[in-house]
Each structure stands twice: as structure tokens, then as C-alpha cells.
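*Asks:* Each chain, letter by letter, is given below.
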Amino acid sequence: MGQAGCKGLYQSLFDYKTEKYVIAKNKKVGLLYRLLQVSILTYLVVWVFLVKKCYQDTDTSLQSSIITKVKGVTFTNTSELGERLWDVADYVIPPQGENVFFVITNLVVTPNQRQETCAESESIPDALCYEDSDCPPGEPVVAGNGVRTGRCLRAGSEQKGTCEIFAWCPVETKSRPAKPLLGEAEDFTVYIRNFIRFPKFNFSKTNVLDTTDRAFLKSCKFGPKDPYCPIFRLGSVVSWTGSSFQEIAVQGGVIGIQIEWDCDLDRAPSECYPRYYFNRLDNRFSENSLSSGYNFRFAKYYRDAAGVELRTLFKAYGIRFDVMVNGKAGKFNIIPTVINVGSGVALMGVGSFFCDLVLIYFIKKSHFYRDKKYEEARAAGRRQDHPGHGQETSFPGLALPLSPQVTLDQSQAALGLSFSVR
Amino acid sequence: MGQAGCKGLYQSLFDYKTEKYVIAKNKKVGLLYRLLQVSILTYLVVWVFLVKKCYQDTDTSLQSSIITKVKGVTFTNTSELGERLWDVADYVIPPQGENVFFVITNLVVTPNQRQETCAESESIPDALCYEDSDCPPGEPVVAGNGVRTGRCLRAGSEQKGTCEIFAWCPVETKSRPAKPLLGEAEDFTVYIRNFIRFPKFNFSKTNVLDTTDRAFLKSCKFGPKDPYCPIFRLGSVVSWTGSSFQEIAVQGGVIGIQIEWDCDLDRAPSECYPRYYFNRLDNRFSENSLSSGYNFRFAKYYRDAAGVELRTLFKAYGIRFDVMVNGKAGKFNIIPTVINVGSGVALMGVGSFFCDLVLIYFIKKSHFYRDKKYEEARAAGRRQDHPGHGQETSFPGLALPLSPQVTLDQSQAALGLSFSVR
Amino acid sequence: MGQAGCKGLYQSLFDYKTEKYVIAKNKKVGLLYRLLQVSILTYLVVWVFLVKKCYQDTDTSLQSSIITKVKGVTFTNTSELGERLWDVADYVIPPQGENVFFVITNLVVTPNQRQETCAESESIPDALCYEDSDCPPGEPVVAGNGVRTGRCLRAGSEQKGTCEIFAWCPVETKSRPAKPLLGEAEDFTVYIRNFIRFPKFNFSKTNVLDTTDRAFLKSCKFGPKDPYCPIFRLGSVVSWTGSSFQEIAVQGGVIGIQIEWDCDLDRAPSECYPRYYFNRLDNRFSENSLSSGYNFRFAKYYRDAAGVELRTLFKAYGIRFDVMVNGKAGKFNIIPTVINVGSGVALMGVGSFFCDLVLIYFIKKSHFYRDKKYEEARAAGRRQDHPGHGQETSFPGLALPLSPQVTLDQSQAALGLSFSVR
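Protein chains in written order, with the working numbering: chain A, 384 to 805; chain B, 384 to 805; chain C, 384 to 805.
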């Protein structure tokens, strides 16, 4: 027996089994099926493959390195600072040219602060006092500049005053100038160098074209006419976000410079260009002072002749530029192709299933086709089954398409749960 | 012939071909099949579609911009620095409010360092010496503060000393205070503004609600009761990571503030809220001083009256806060839906295949059903094939489910490699 | 009828329907089909599952926190600065140990700049003048250091001079030293601590092994022999990118340190190790001065005895290290497994389809098999259909495989659009 089994196994190994089909000579259903096929095929080819490029493996986690360099000088003449020239080392923070950089456009300067006692600013609600007991010593002023000493300072015969504090004195009291100090920063330029790498494909590129000659980089400015120049005028960048530079310069703001790489690596590497987008990233229309504008305080520390430390406090308003890079690279890969073709084929099966439903339930001669499609096999049982001879009795109630049974049948059927009622 | 061919082609173009099925009137297998169908369907609907939302296209590469602003002042009184008030410009590094900011909580100050010669610190093993020859001139001390001058400095009658070095003198010798200098930083607050954008869907949002009134932002604190307030108390943030602020303040640490956006863009944009998570990102239990805590050195540079440069060296211990944003947005898209439905349908096919196996091998009347299912077609050959008449002879050895042939048959079968043994 | 319908429905609910197959006893097609099956299966198992691990759900959006700490001192002796020792607080910018840090290797120092008037540098083309009218007062010099005062300064009897400007004077005129000032930075080391977390799997790890003892961290250096030591010698890092440290030290550059995590979370967490890669991220071969090298200007501000502000301007050349982290974690998940198995099964269907084509069109007895496979069902119509009796007439023209009809037939067929010509 084992020998015979092996031989039988071997023989049947190379038999080819193929599904048996019934050809329903019905033009309506045939046409419907072809229409479905063409629709699915069109969707697959046009949308999935041509538009969405689903035959590609994609990499969206790119590595990126950014170098920025601002250029420009401007001259100011104010009562506090006198005549003063501002260059890059003065107005760019931090100086090292990272992907986030801040350009000062407006300043509140409080020079010569020392560690001593003075009156707290009147604009801080928590510092208001009527008598010394309103100023518990040692307690910091909420949202204030220092720690209370215990005295209430009242000017002349006024009833109301502010607590005396120990702090960097005098405290900052001036408010933001209405006209930006460094409004001419509009004409400064920034050079942005971006190096990217898609680790999955080991593909790297930079936004400064290798072919670019030195003269081009010396003179070009990014714009609609020159979309590959990596030098940007600050005023233009702000205007492309829909904001006014002079407005944003007063109270500060955050501008996003997005570099987008969408590379089809099935094409030549030279066709993989960056595209730049500019957005304003703070709520410019917000009523809320906390969530509009952008400013921070920093200080420069000195020593006087006696060696005592003093500082100049700056409240800097300005524009923070966030250079953000995102990108996508796609390259032909067999796996997503197979997955998408596979699910396309499966989708064909769904179309075929839908036509089957129509064929065996909804057309006139559906009984006939149902009997052809389904061949009953009832082992031994009540009735002898004739091979190849379809069933001829069919439950007539099924002809009513809206009877509850049929409804159930169809909804189940739509997911492959077909059965026939007899 | 061409004409006839065209006509035939045209006619058959709209024939509908449908697979022929055999209805096996076997309750057990039928029940098994329905059970499999219901399981697969349930899995597909509940897990794949409702829980995992696989009908959505997702974007996980979001763009994010963060603005942070720390508030708070504190007063210290130490022998080195005297009475001193610390405000934001003093203790936050860097000052410009980026997504990574550092709050000083403890300090080792070495004031008035000048470029000159002095003895190296005794805590550095490489600097120990017994005589001048132990200090080769010009060679830097490993992990030390300067370059050896060639002399060995021994205090009084001691045998052992340290090499003289050229360095910023005097060198830092004090060790970390056991009590944090700025322990009151626990009560400082930080305001975090986060703007995000999902480029694939061009959807942007900020964590500061537009509807929020100014008063709310002035007074609120983030917490379980107020999960949408963007103002965080530093002490609370640390305690949510399971650490003690006063402990972490001594030797420093890194705290991660994660903002997670999980947006279902099929719903209203207002339902897309950020969620905040807090983690400690340094190995707090590590024995290893290199991998626990967080500190760095920086200096402030001055000139004395004679114009000679001097500096104050700070070894700053403190808490670095890393605000990290990650997110996912999902939106209905036909492609993943089709892929998932398609593979669900394919899975049905696997279920059907499994039932086929049972039907034609493992039940009593399997021979009968096998003959019904497979119709032999042998061209011309040895035996005349009767259309629609299944084979009646079957190899009985196959009834033994554990014979090697059958095992092979089944494992192959499980991947669509069915064949029958005869 | 309703009652009978229900009963019929109930009975047929557990009928099992199975596709009817025709066994084609044809060795060639059988062999072809088995070959296709084995190929698809091999591809599926070996490539999709073993190599690409498509049975895993992957997370590529990792969270990462980096702490860096540079160590080393060096001594320089130049005419401008005299004898000087450089330590970490002097040469690392910014000091706080973030993922991007800059090490100064070369310097152009312009000390004692004050806000006053002086001659613009001769190297700036826009500043050249012959007479005062070439210097319109108030206008900044393009790419220059200040604002024109209106005078043209000519040395002695020279015809050509440069405009007088109001600026930080004297302006920077020296050029880059040909030998790097801090060439010994080659021997500095940097300790890099990286904490990562895959949010999807809530898995976190650090590159400093917990088991590592303190002595190991004190003495180890990263290298081929020690791939898990987190301490890197700067010179080695640069040489691994294929550059020379002394060369890059002169004009600066950007080095990327990539930490790559490829974690198979189906294995033990301890098998998830980081791998380090080193790249140079600036165009070292570029002719273009703007896109090669790396430098920036910063200033230290002082006050003289009279309280007038002065500054020392530094043009710092050096190496910026960008520590970048990317990673991928994979873990078994039923959904991608099902999708991939599903599309594999669908691919089998494509193979089966291809064999069908061969069977019914391209082999000798194809007519016979075609008739067996397709059973005609023509409702009522012209001819009585005999169940189980295949069609016997076939269009002979189809035997010509290159006739246009057939070509059309095949290309359509390849996408499931089969039909037969009769």
C-alpha cells in the first residue's frame, strides 16, 4: 500500500486543478461584470498606481542637518543706547547658525541693574500695598521681579504704593516701543543650507545645487523666479506668510520655513528638488497676550570698577525662524506592489460576488442559473444525487427580493457568506 | 474567419462566467465554515476597523513648533555670592524659549579665574606627583583643568602633591552643595505653546485653545483637573515622573515632557486634543556618576580695571526639560480600506480552504465529496473521461490522517498547494 | 410560505458550498503550476517574512533625548591672545550639552571693538570709493560691517580708498589662520548619552548599558573593538567620515553622528543595540566658499573703566557635531501578517490564472480542457443546454496564438478579464 500510495501521490502531484466555471449566456450580467471590472481596473491603475504611487516603498523618516547664516547691519539712534550699529553678532540668538534662530527686531533695555532694593513695578497687581503689613518680608511677588523686604513704598502723600523688593534694581518698567527698533531687519538675508538623507535608501542631497556657481549664490534671492536659490530676504519670507514685517517686528512672532522634499527615486536624483513653504506659527489673531507674539529676556553681565556685578536686561521682541524639514522618498519595491495588486485582485472577487448575487437572485431566469451554479451533493441521504445534474426544485418564495430572509441573505452575501435557500 | 472570430469575440465578451459550486449537505462542515466566517468577520470589523481604525490613512510625521517661557524668582544667601536674587534671565539656559530648556537648581561657583599658574585639584588622579619629573611640562592633565608647567607643588613637608598647571586659576575645587541652591525652583512655572501641523492632511492646531480667555491662562495650572491648561508647575512635573524635586535638584536630571496628539480627522477638529506625559530621561538609579544627573560648565567673562580678562566659572546642576511632540492623525482613505477588506476576503479564502480539507479528508463520507468536488479531465488518454462524472476510485490509505503523505499534503495544502492522491 | 421559507433558510444555512474543480491530467501545466507555487511561496517566506519581517508592526517615530559632554583642555600661544588655556567652558558652544554642539578649532579675534567710525575693510567690493560722493551717508555697505558716514578715506596719495563707516571699530580685517589654533582638539573626547523610546510599543532604552561599570566608562573609547562605549574621540570620529581633522579644523565643517536603533522586540530587549554611523554633512569638495566649511561670529561684551561698552568679536571656525537618532522597532502583529498572507494568497490566484491561460489556449488539447472548465448555461434560448455537458464546438481560429483577438484576450486575461471566443 505504501508503494501504491507514493506512486499515486507522485502522479497527482502534477495534476493541475482548475476551477470549474459556468458560462451564463446573459448579456445584462455580463455587461455589468465587465463594467465593474473596468471600474476597478481604472481605479487601480490610475489612482493607486499612477497618482498615489503605491508600487513604491516610501521612507518618511529623513535625517536632516541645517546651517543658517544671517547677513545685514542696521543703525539705530535711541535715547537709551545712543547711536548704535547692530551686526549679526548683536542681533542673532543663538549665534551658531542652527535650524532655529531668532532675529531681534524690538527691544526694551533696562541698563545698570544691580542687586539691591527698590520699588516693584506698578504694573504688577500682586505688588500693590497700602501699608507695610501688605508686604510680608521674604515672600516673592507673584509674576514679579523680586522678593518683598517688608516695606510698602508710597510716593509722597499717595495712599497706594508698591512693595519694596530685593531684586535686580531698577526693575524693568518701560513698555514695548510702538515702532520697532530694528525695523530695517526686513532687508536682512538668511542663507539656509540643508543636507538630507533618507536612511532606508541611503540617498542624500543638499538644497544648494552643486552646479551653482559662486556668483549665483552671491547675488541670487529666493523667489518665484528663483526657486532654487537658498538665500532668503527676511521681509519677503514674512510677507509670504501673509503678515506684515513691520507689524510682526513690534511684538515678535514665529515663522516656520518648511523645506519639503518629495523624491521619486525611480527617476534621476537631479529631479529631487526641495520646495519651500512659509507659515506663521503663532496665533496672530489671538486676543491673548500670552499666546501672541514672541519675546524673551536675557542679560549681559558686567562688573563695575569696584568689581560689583551689574547687568543690562534686555526684553527682546523679534522673529523666531523655525526651519523644519520633512520629506518622503519613494522607490519601486515589490512588496507594496504585490500587496496592492493582491488587494486589487481581491476587489475583483468582490465584484464577481456582486454579479453572482444579481445572477442567481435578481434576474428573470435566476432559478435556472442558480441550479447550474450550485450542484448538490448529498451523501447517501434521503435522495440520490445525480452527478452533474443540478437541482431542479427551488423555493419560489425567494423570488420576492424584499422578504426578510433575502435581505439577510444579501447582507451576509456581501461579505462572502452566501447560501441558497431551498 | 477574421469576421467570424470578431463576432465570436464580441459575443463571448459579455458572457458572464461564474464559479461552479458543489453544495455539500453536511451540517458539521457547514457549521464549521459559518463559525470560521463569523470569527473572521468579527475580527475584521471589531479589531481591524473599530479598534485599529485601519480604514484610515495615517500621518505620523508631524511638524511642530514649541515656545516655552519660564516664570519665577527666588532669593539665595550664600557665602560666595552673598545675597542674591535669581530671575529668569539668570537661571534659564538658553534664554530664547526653545523646546529644550535648562533650569539651574544647584551651583558650584568659582569666581575670579585668571589665566595663570596654580596647583591642580587634588581630586584628579593624573595630577598627583612626588617630584618635578612626575610633571612633564606642556602635557595636559588627563581629565584635568590645564597644562603642566613642570613643577610639583608640595604643601609644606608633605611627600605627595599635585603638579603645577597653567590654567584658569584658581581651579574649581569645591564639591556640589548637598542642599540645592535654588530649591525653590519647585514653584516656578513654565508656559508651553505647541503648534503642530500634519502636512499630509494640511491640518494644524495649537495646544492653547483659542476659546481660552486671558483670565484662565493667568490663573490656571496643568493638572488632572485642568488637562488643557498649558502652564505647568515645575515641581508637579517632576513629581509626576515619580521623582522628588529636591533630590533631582541636587545633582540634576532630564525630564521629558511628551505632548501626544492622536487626532481622528474624521471627527470635528475640536476633538483633537493634546495629551501630556512626563518621563524622567536619565538613569536615576545608576551607580555611575557619568550616566546619572545632569550638569555642565559655563563661564561669564569680565575684564578688570587693567583690562585683563577674568571669568566666573559655573558648574550648573539642574533640570533639563525636553519637550517632545509626537502624534498621529488618521483620516478615512479608500486605499487602506481596500487593502484591509481585500486581505479580509483573502482570509475568508483561507477559511474556506481549511473546510475543504476537512470535507475531503477528515469526515466519513469524504470520498463521496472528493469525487463531487473534483471532476477528472483526462484528454484522449487511457480512459475515456465522462463529463460531469467524478472519479469513483479513491486511494483508501489516505484515510489515515497521520501517514507521511497526508501530512505533506496538508502542510502544502495550507498554502494552497492542494492535490489529491489516487 | 414564510414558515417554509424560514425552514429552508435554516437548512441551507449550514450547507457547505465548495468550489468545483476540474482535474486536468496534464503534466506540463501541472508542473508549471507547482513551480509557480513554489516560487511564490519561497518569495513569501524568505523575502517577505524572514528578510523584511513583514509579519511585524513597525514604529519608526521614536522619541529621543541626547546629552553630550565634551572633555579636554588645550594650550595656545598667539600674538593676539598671548598664552592661553582653553577649557570646555571656552570652546564648546552652546555649553548645555544638547544634541548639536560646536567645538571651536580656529579663530579670528578682533578685540576691543567700539561703536565709532573707521574705514571699512578693503575686501568688501561695495565699500570701494574714489571720492566722498561714492559714500552716500546713512546707507549700509552691502555685505559689510556698518553704515556709511559720507566720507571716503584714502590713504596718503592713493586714488582709491574705502568709505568711512559707523560700526564696531576696528572692523575685522584679518583672515583665517592657515594652521588651526586648536588643532589639539583632535584628542578631545565626547560622551554621548542617548535615551530612546518607541511610543507605539512603550519600549525605552539607553545607549549606556546599565551593566557597564564605572571603570569601563572612565577608560573606554568607541571603536571597532568597543562598539558599545559611548565615549568618542573627536579625531577618530572625523577620520571615520573620511576627512582629515587638521584639514576640517582650519575652515570648519559639520559632522553627523547617527545613532541607529533597529530593534526586533520579538527578541529580548538586551539584543536591541544602537549602531553608530559617521558622515560629513557639508560639501567638502565644493568650490563655493558659502557652502563649504562652517563658521559663525559671536562677541563677548565688556565695559571699560568709563562704563563704555566694548566687545571682542570672534569669528569661530570649528566642527559642528549633529547627533541624529533614527530607529525602527518591530513587533509581531496580526494585522500586517494577515495583510501579507492575504496578498500572498491573492498572488497564488494570479499564478493559477496564468496556468489557466496556458491550459485553455496554449496546449495541444486546449479545446478539450476549455470545454471541461467552462460549462455553458443558456437559459431557454436557442439551444437546450445539457447540464454537465460541455460545449463541443469551438472556434478553430483561436488556435493561432498571435491573432489580434487572442492578444487582446491575453492582456485582458492577465488582469482577470477572461472570456472565451467561440
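Calculated directly from the structure, the hints in this document are not laboratory data.
Even glycine gets a Cβ: it sits at the ideal position worked out from N, Cα and C.
Be aware that a few hints might be false.
[What the hints assert, rightly or not] If you anchor each label on the Cβ, the simulated ranges turn out as follows:
#, chain 1, residue 1, chain 2, residue 2, range
1, B, Gly606, A, Phe599, 51 to 59 Å
2, A, Phe745, C, Tyr393, 17 to 25 Å
3, A, Ala561, B, Gly606, 49 to 57 Å
4, B, Ile746, C, Phe715, 32 to 40 Å
5, A, Lys562, C, Asn460, 33 to 41 Å
6, A, Lys562, C, Glu522, 30 to 38 Å
7, C, Lys435, B, Lys436, 50 to 58 Å
8, A, Glu643, B, Glu522, 37 to 45 Å
9, A, Ala561, B, Lys608, 19 to 27 Å
10, C, Val429, B, Val429, 32 to 40 Å
[Unchecked claim] Computed list of chain A residues with no C-beta within reach of chain C, every gap over 10 Å:
#, residue
11, Tyr404
12, Ala407
13, Gln479
14, Arg534
15, Ala651
[To be verified] Here are the computed lysine to aspartate or glutamate pairs in the EDC-like style, where the Cα-Cα straight-line distance is at most 20 Å:
#, chain 1, residue 1, chain 2, residue 2
16, B, Lys714, B, Asp473
17, C, Lys435, C, Asp754
18, B, Lys748, A, Asp440
19, B, Lys410, B, Asp442
20, C, Lys583, B, Glu463
21, A, Lys583, C, Glu481
22, A, Lys604, A, Asp570
23, A, Lys683, B, Glu692
24, A, Lys601, C, Asp647
25, C, Lys408, C, Asp645
26, A, Lys711, C, Glu643
27, A, Lys454, A, Glu567
28, A, Lys683, B, Asp440
29, B, Lys698, C, Asp754
30, A, Lys411, B, Glu692
31, B, Lys454, B, Asp442
32, B, Lys583, C, Asp647
33, C, Lys601, B, Asp509
34, C, Lys683, C, Glu466
35, C, Lys711, A, Asp440
36, A, Lys748, B, Asp509
37, B, Lys557, B, Glu463
38, C, Lys452, C, Glu499
39, C, Lys452, A, Glu481
40, A, Lys748, C, Glu759
*Asks:* A separate judgement is required for each hint: does it hold in the structure or not?
*Replies:* Tested hints:
Look at Gly606 of chain B against Phe599 of chain A: about 56 Å separates their beta carbons, and that is inside 51 to 59 Å. For the hinted restraint 17 to 25 Å between Phe745 of chain A and Tyr393 of chain C, the CB-CB distance of approximately 23 Å keeps it satisfied. A hinted range of 49 to 57 Å for the beta carbons of Ala561 of chain A and Gly606 of chain B is inconsistent with their spacing of about 38 Å. Checking the proposed 32 to 40 Å range against Ile746 of chain B and Phe715 of chain C shows it holds: the Cβ atoms sit about 34 Å from each other.
For Lys562 of chain A paired with Asn460 of chain C, a C-beta distance near 49 Å fails the hint of 33 to 41 Å. Checked against the given bound of 30 to 38 Å, the beta carbons of Lys562 of chain A and Glu522 of chain C, roughly 21 Å apart, lie outside it. Under the hint 50 to 58 Å, the C-beta atoms of Lys435 of chain C and Lys436 of chain B, about 24 Å apart, miss the expected range. A hinted range of 37 to 45 Å for the beta carbons of Glu643 of chain A and Glu522 of chain B is inconsistent with their spacing of about 52 Å.
Take Ala561 of chain A and Lys608 of chain B: their Cβ atoms lie about 40 Å apart, and the range 19 to 27 Å is violated. Distance hint check: the CB atoms of Val429 of chain C and Val429 of chain B are about 33 Å apart, consistent with the given range 32 to 40 Å. Consistency note on Tyr404 of chain A: stated as away from chain C, yet its beta-carbon is not over 10 Å from all of that chain's, at 5 Å minimum. Not every C-beta of chain C lies more than 10 Å from that of Ala407 of chain A, the closest at about 5 Å, which undercuts listing it as non-interface.
For Gln479 of chain A, the non-interface assignment is contradicted: its Cβ lies about 5 Å from the closest Cβ of chain C, within the 10 Å cut-off. Non-interface call for Arg534 of chain A relative to chain C: holds, since the shortest CB-CB distance, roughly 30 Å, exceeds 10 Å. At roughly 19 Å from the closest C-beta of chain C, the C-beta of Ala651 of chain A stays outside 10 Å, upholding its exclusion from the interface. Distance restraint check for Lys714 of chain B and Asp473 of chain B: the Cα-Cα separation of roughly 46 Å exceeds the 20 Å cut-off, and the hinted pair is therefore not satisfied.
Note on Lys435 of chain C and Asp754 of chain C: the hinted pairing is violated, with a Cα-Cα distance of about 43 Å set against a maximum of 20 Å. For the proposed pair Lys748 of chain B and Asp440 of chain A, the alpha carbon gap of about 49 Å is over 20 Å, so the pair is violated. The straight-line distance between the Cα atoms of Lys410 of chain B and Asp442 of chain B is roughly 47 Å, outside the 20 Å bound, and the hint therefore fails. A C-alpha spacing of about 49 Å is found between Lys583 of chain C and Glu463 of chain B, which places the hinted pair above 20 Å, so the restraint is violated.
Taking the CA atoms of Lys583 of chain A and Glu481 of chain C, the gap is near 26 Å; set against the 20 Å cutoff, the hint is violated. Distance hint between Lys604 of chain A and Asp570 of chain A is fulfilled; the C-alpha atoms sit about 11 Å from each other, no more than 20 Å. Only pairs whose Cα atoms come within 20 Å are accepted, and Lys683 of chain A paired with Glu692 of chain B is accepted, the gap being roughly 16 Å. Restraint check for Lys601 of chain A and Asp647 of chain C: the C-alpha separation of about 49 Å exceeds 20 Å, so the hint is violated.
Distance hint between Lys408 of chain C and Asp645 of chain C is unfulfilled; the C-alpha atoms sit about 50 Å from each other, more than 20 Å. Among the hinted pairs, Lys711 of chain A with Glu643 of chain C is consistent with the structure: their alpha-carbon atoms are about 19 Å apart, no more than 20 Å. As the CA atoms of Lys454 of chain A and Glu567 of chain A are separated by approximately 12 Å, the hinted pair is consistent with the 20 Å bound. Between the alpha carbons of Lys683 of chain A and Asp440 of chain B the distance comes to roughly 51 Å, so the proposed pair goes past 20 Å and is violated.
Under the criterion of a C-alpha separation no larger than 20 Å, the hint pairing Lys698 of chain B with Asp754 of chain C is inconsistent with the structure, at around 91 Å. For a cut-off of 20 Å, the pair hint linking Lys411 of chain A to Glu692 of chain B is broken: about 96 Å separates their Cα positions. Using a Cα cut-off of 20 Å, the hinted pair Lys454 of chain B and Asp442 of chain B is violated, with the two alpha carbons roughly 35 Å apart. In summary, the hint linking Lys583 of chain B to Asp647 of chain C is not supported, as the alpha carbons are separated by about 28 Å, beyond the 20 Å threshold.
Proximity of Lys601 of chain C to Asp509 of chain B is assessed by CA-CA distance (about 13 Å); at most 20 Å being required, the pair is judged to hold. As the CA atoms of Lys683 of chain C and Glu466 of chain C are separated by approximately 19 Å, the hinted pair is consistent with the 20 Å bound. The hinted pair formed by Lys711 of chain C and Asp440 of chain A meets the criterion: a straight-line CA distance of about 15 Å does not exceed 20 Å. Only pairs whose Cα atoms come within 20 Å are accepted, and Lys748 of chain A paired with Asp509 of chain B is rejected, the gap being roughly 100 Å.
Restraint check for Lys557 of chain B and Glu463 of chain B: the C-alpha separation of about 11 Å stays at or below 20 Å, so the hint holds. Restraint check for Lys452 of chain C and Glu499 of chain C: the C-alpha separation of about 40 Å exceeds 20 Å, so the hint is violated. Distance hint between Lys452 of chain C and Glu481 of chain A is fulfilled; the C-alpha atoms sit about 19 Å from each other, no more than 20 Å. In summary, the hint linking Lys748 of chain A to Glu759 of chain C is supported, as the alpha carbons are separated by about 15 Å, within the 20 Å threshold.
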